[in-house]
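**Student:** Could you build the full structure based on these sequences and the hints that come with them?
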Amino acid sequence: DPKIIQKPKYLVAVTGSEKILICEQYLGHNAMYWYRQSAKKPLEFMFSYSYQKLMDNQTASSRFQPQSSKKNHLDLQITALKPDDSATYFCASSHGTVSNERLFFGHGTKLSVL
Amino acid sequence: GDKVKQSPSALSLQEGTNSALRCNFSIAATTVQWFLQNPRGSLINLFYLVPGTKENGRLKSAFDSKESYSTLHIRDAQLEDSGTYFCAADITGNTGKLIFGLGTTLQVQP
Numbered sequence: 002d003p004k005i006i007q008k009p010k011y012l013v014a015v016t017g018s019e020k021i022l023i024c025e026q027y028l029g030h031n032a033m034y035w036y037r038q039s040a041k042k043p044l045e046f047m048f049s050y051s052y053q054k055l056m057d058n059q060t061a062s063s064r065f066q067p068q069s070s071k072k073n074h075l076d077l078q079i080t081a082l083k084p085d086d087s088a089t090y091f092c093a094s095s096h097g098t099v100s101n102e103r104l105f106f107g108h109g110t111k112l113s114v115l
Numbered sequence: 003g004d005k006v007k008q009s010p011s012a013l014s015l016q017e018g019t020n021s022a023l024r025c026n027f028s029i030a031a032t033t034v035q036w037f038l039q040n041p042r043g044s045l046i047n048l049f050y051l052v053p054g055t056k057e058n059g060r061l062k063s064a065f066d067s068k069e070s071y072s073t074l075h076i077r078d079a080q081l082e083d084s085g086t087y088f089c090a091a092d093i094t095g096n097t098g099k100l101i102f103g104l105g106t107t108l109q110v111q112p
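Chains as they are written, first to last, in the numbering used here: chain A, 2 to 115; chain B, 3 to 112.
Keep in mind the hints are simulated off the structure, nothing from the lab. Bear in mind that the values here come from a model prediction, so they are computed numbers and not experimental data. Misleading hints may appear alongside valid ones.
Just the calculated beta-carbon pair ranges, DEER-fashion [stated by the list, open to error]:
id: 1; chain 1: B; residue 1: Asn47; chain 2: A; residue 2: Pro9; range: 22 to 32 Å
id: 2; chain 1: B; residue 1: Asp78; chain 2: A; residue 2: Ile21; range: 39 to 49 Å
id: 3; chain 1: B; residue 1: Ala22; chain 2: A; residue 2: Lys71; range: 36 to 46 Å
id: 4; chain 1: A; residue 1: Val13; chain 2: B; residue 2: Asp78; range: 38 to 48 Å
id: 5; chain 1: B; residue 1: Glu82; chain 2: A; residue 2: Tyr11; range: 29 to 39 Å
id: 6; chain 1: B; residue 1: Ser11; chain 2: A; residue 2: His74; range: 31 to 41 Å
Beyond 10 Å from chain A on every Cβ pair, some chain B residues (computed) [what the hints assert, rightly or not]:
id: 7; residue: Glu17
id: 8; residue: Ile29
id: 9; residue: Pro41
id: 10; residue: Glu57
id: 11; residue: Asp83
Only part of the chain A face toward chain B is listed, based on derived beta-carbon distances under 10 Å [unchecked claim]:
id: 12; residue: Tyr34
id: 13; residue: Tyr50
id: 14; residue: Gln53
id: 15; residue: Pro84
id: 16; residue: Ser87
id: 17; residue: Thr89
Every residue, glycine too, gets a C-beta built ideally from N, C-alpha and C.
**Tutor:** Here is the structure:
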């Protein structure tokens, strides 16, 4: 019974389009994150949110915009999609953002941009 | 991958044998976490570590912050241990950002 739900599991998009990746967690956590996993690269931190407030943003492009409508939601809007955006995007959560917090991941959304 | 270096990059084990994976840090890590990405792609948290050692079943992990490394020992390897093991370091201490290594891909053979 997954506690961090990501939708959709697979997504195919055309170059230039816009997509929203959905994430909801039911662990009662206060912090949520987005990470990206591309081929031959380490898992890469994108954003962290705590109590719906942005804590850290390591994504250079403004085409990636997190959206938090509720404490247990952190969606990721990606605009003007490029083939290089193809990757698996993982949502994660932890109780808080301080260093003594264990991170739990959703199952990922695999995005392919054609 | 260059701030967190994992070794070996790939490993094949016979069922029932033991092995050790290592993570070296070129940055000052406050805590370390180990994850297993299974063949279905799910990332499972194995350990969260402050400096010291933890054990869970056949797995044991250690983190030495002064020498900047962490290890993951697998005892009596089973087929279901196959997958990619990632270590990740927290260097900020307050934003939750983890720096991941490139992983060790483990194949356990019957």
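**Student:** All the hints need checking, so say for each whether the structure fits it.
**Tutor:** Right, here's what the structure says about each hint:
Checking the proposed 22 to 32 Å range against asparagine 47 of chain B and proline 9 of chain A shows it holds: the Cβ atoms sit about 24 Å from each other. The given range of 39 to 49 Å is respected by aspartate 78 of chain B and isoleucine 21 of chain A, whose C-beta atoms sit roughly 45 Å from each other. Look at alanine 22 of chain B against lysine 71 of chain A: about 43 Å separates their beta carbons, and that is inside 36 to 46 Å. Take valine 13 of chain A and aspartate 78 of chain B: their Cβ atoms lie about 42 Å apart, and the range 38 to 48 Å holds.
Taking 29 to 39 Å as the suggested C-beta distance range, the pair glutamate 82 of chain B and tyrosine 11 of chain A does not conform, at roughly 25 Å. Checked against the hint of 31 to 41 Å, the C-beta distance between serine 11 of chain B and histidine 74 of chain A comes to roughly 37 Å, which is consistent with it. Listed as outside the interface, glutamate 17 of chain B is consistent with that label: its C-beta sits roughly 27 Å from the nearest C-beta of chain A, beyond the 10 Å cut-off. Residue placement check: isoleucine 29 of chain B keeps its beta carbon more than 10 Å from all beta carbons of chain A (closest about 13 Å).
No beta-carbon of chain A is positioned within 10 Å of the beta-carbon of proline 41 of chain B; the least distance is around 13 Å. With a minimum CB-CB distance of about 16 Å to chain A, glutamate 57 of chain B clears the 10 Å threshold, and the non-interface call stands. Look at aspartate 83 of chain B: its CB is around 19 Å from the nearest CB on chain A, clear of 10 Å, so calling it non-interface holds up. The interface hint given for tyrosine 34 of chain A holds, since its Cβ lies 6 Å from the closest Cβ of chain B, which is under the 10 Å cut-off.
At its closest, the beta carbon of tyrosine 50 of chain A sits 9 Å from a beta carbon of chain B; the interface hint therefore holds under the 10 Å criterion. Because the smallest distance between the Cβ of glutamine 53 of chain A and any Cβ of chain B comes to about 14 Å, over 10 Å, the interface hint for this residue is violated. For proline 84 of chain A, the interface hint is violated, since its Cβ never comes within 10 Å of a Cβ in chain B; the closest pair sits about 21 Å apart. Taken as an interface hint, serine 87 of chain A does not check out: its beta carbon lies about 15 Å from the nearest beta carbon of chain B, beyond 10 Å.
Nearest Cβ of chain B to the Cβ of threonine 89 of chain A: about 7 Å, under the 10 Å cut. The hint holds.
Of the numbered hints given earlier, the model fails hints 5, 14, 15, 16; all others are met.
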